[in-house]
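For the sequence shown, our numbering gives the first residue as 46, with consecutive numbering after it.
Be careful, since some hints might not be right.
[Claimed, not checked] With a Cα cut of at most 25 Å, we get these calculated BS3-like pairs of lysine-lysine:
(1) K330 to K284
(2) K384 to K123
(3) K552 to K580
(4) K367 to K453
(5) K404 to K384
(6) K330 to K297
(7) K327 to K413
(8) K464 to K278
(9) K401 to K346
(10) K278 to K304
[Stated by the list, open to error] Cβ-Cβ distance ranges computed for the label pairs, FRET-style:
(11) Q573 to E183: 25 to 33 Å
(12) K145 to D368: 47 to 55 Å
(13) E183 to K411: 48 to 56 Å
(14) E585 to E166: 54 to 62 Å
It should be emphasised that the hints constitute simulated quantities derived from the structure, not laboratory data.
Owing to the predicted nature of the structure, the values given are computational and were not obtained by experimental measurement.
Note that CB positions come from ideal geometry on N, CA and C, so glycine has one too.
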Amino acid sequence: MFCYQCEQTKDAIACTGPRGVCGKEEPVSDLQDVLIYLIKGISMYAHRAALLNERDEDIDLFVIEALFATITNVDFDKERILKLIEKAFEVKKKANDLYKGACQKHLTQAEELYGPALATEITDHDKLLEFSKEVSFEKEKEKFGDDVSGLLDLILFGLKGAASYLDHAYILGKKDKKLFSEFHKVLDFLTKEKFGQDDLLKEALYVGEINLRVMELLDEAHTSTFDNPIPTKVRITPKKGKAILVSGHDLKDLEDLLKQTDGLGINIYTHGEMLPAHGYPKLKKHLHLAGNYGGAWQLQKWEFENFPGPILMTTNCIMEPKDSYKDRIFTKGLVAWPKVKHIKGNDFKEIIEKAKTEKGFTEDGKEKFITVGFGHNTVISLADTIIDKVNSGKIKHFFLIGGCDGAKIGRNYYTDFAKSVPKDSVILTLACGKYRFNKIDFGSIEEIPRLLDLGQCNDAYSAIKIALALADAFKCDVNDLPLSFILSWFEQKAVAILLTLFHLNIKNIRLGPTLPAFITKNVFSILQEKFNIMKTTQPEQDIENILRK
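Work out the full structure, taking the sequences as your base and the hints as a guide.
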């Protein structure tokens, strides 16, 4: 094992040995390296076929799902990864046939490909693990050196994050053939034998551009399916009755469960990144969507243990379940843990029956609420009011404080920062990092709340739309707005968003709590020079430096 794709990687260098910090076992990590190598081979063929206007949706979707499966805290099940590898060999042959057929159709000579495209099928488990040593991140470092391999992995990890968003959009019926083709193009790029630093940086920004379009597609998917989010008070204390908890990110799974539990007397609670669901009209109309329980993903072992009902884990952010709730946690979609019940399709009968047998909440908790639902549609509709308050000096600054949460010491920085923001400033927030401060009452500046929750991590798209709208209104560059980005990162979706901000030439970002292990000092220096990205320091010091300019 050599894995350094997330913020909690051991000693801020890499997870090695029998088990990663996330709980991923060494064979799973090594097999995921093989899977990534094989999808590069698939994309070598699919990219060239697409250039000849030949595509296959099954091939496209497999590559996206395989990328997603290797994101932090998604699939820990070795048997499932082995099945994905088995399928990858089949899909690679299909992609090869697609490309050859396209060449014949267009009377074009097929290229002689190399590397991942030529990987021969391996079915033996031990031989796959042996092969993983040849395609590991360590091997890449030996071949290209730390700077180049770090940039290659910046591209790959950003693409993984974008893949997760594209998969969510696909599930909701939003497809874009060109976007699939661009994923193949980037994966094909990663198979080259030589790289220039400028080309790598250009490709990284290209991933940011791809992710911007993917987030736009997902925003369209969410709003066309569930309507535009609106400001909504969300109960954060329990109501008496049977209960199911839904964590992860997949709003479609939540909707299906809400429909199937309608009239059964079972309350549905959101957890983690599902909190923004309460702002969507077509989800909040279900009266048994009772509230939000708990906080961010890293608290789940304690929170799930104390939840008196079954838990549905959609997409990523699963941790090793404790024995106390292992018999009542269910996974769905690409997320998996060995020996945990996995729901196939959209039939939630088993988890519903489990909820009926659990005790549920025996009494109402004291009422307490927070407000969500400030998507770009809502905030931009308030633009005239906001602009007036900026021009009159009532609003002096905007701080976007958001991103992933995590367990590492130092993340209290974001709580302290939010508390220290001047009273004449507005806080925008998104993703699970908001839980560091979203239960604090920040008050309002007249009718504008000082804390605006924009949504999930993919709703960074809302933040971008709002920033661009304000820049247009004030007839200035985004970097000249009284707006500062204070970001926390944890996994690959945050990498994709960071690359999108770089693609948009957004500068002066503060990133923490630690810098990515795959970003070397040399590469960080280049990013500093181009975008003036900074590591977070102390909240008061950072605020002082921001407001001084």
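Consistency of the hints with the structure:
1. K330 to K284: 17 Å, holds
2. K384 to K123: 11 Å, holds
3. K552 to K580: OK: K552 and K580 at ~13 Å, within 25 Å.
4. K367 to K453: 20 Å, holds
5. K404 to K384: 24 Å, holds
6. K330 to K297: 15 Å, holds
7. K327 to K413: 23 Å, holds
8. K464 to K278: Roughly 21 Å between the alpha carbons, so the hint for K464 and K278 holds.
9. K401 to K346: At roughly 22 Å apart (the allowed maximum being 25 Å), K346 and K401 satisfy the hint.
10. K278 to K304: Given that 25 Å is the threshold and the Cα spacing comes to 22 Å, the pair holds.
11. Q573 to E183: 25 to 33 Å: Between Q573 and E183, where Cβ atoms are some 27 Å apart, the hint holds.
12. K145 to D368: 47 to 55 Å: 52 Å, holds
13. E183 to K411: 48 to 56 Å: 53 Å, holds
14. E585 to E166: 54 to 62 Å: 59 Å, holds
In terms of the numbered hints stated before, the structure departs from none.
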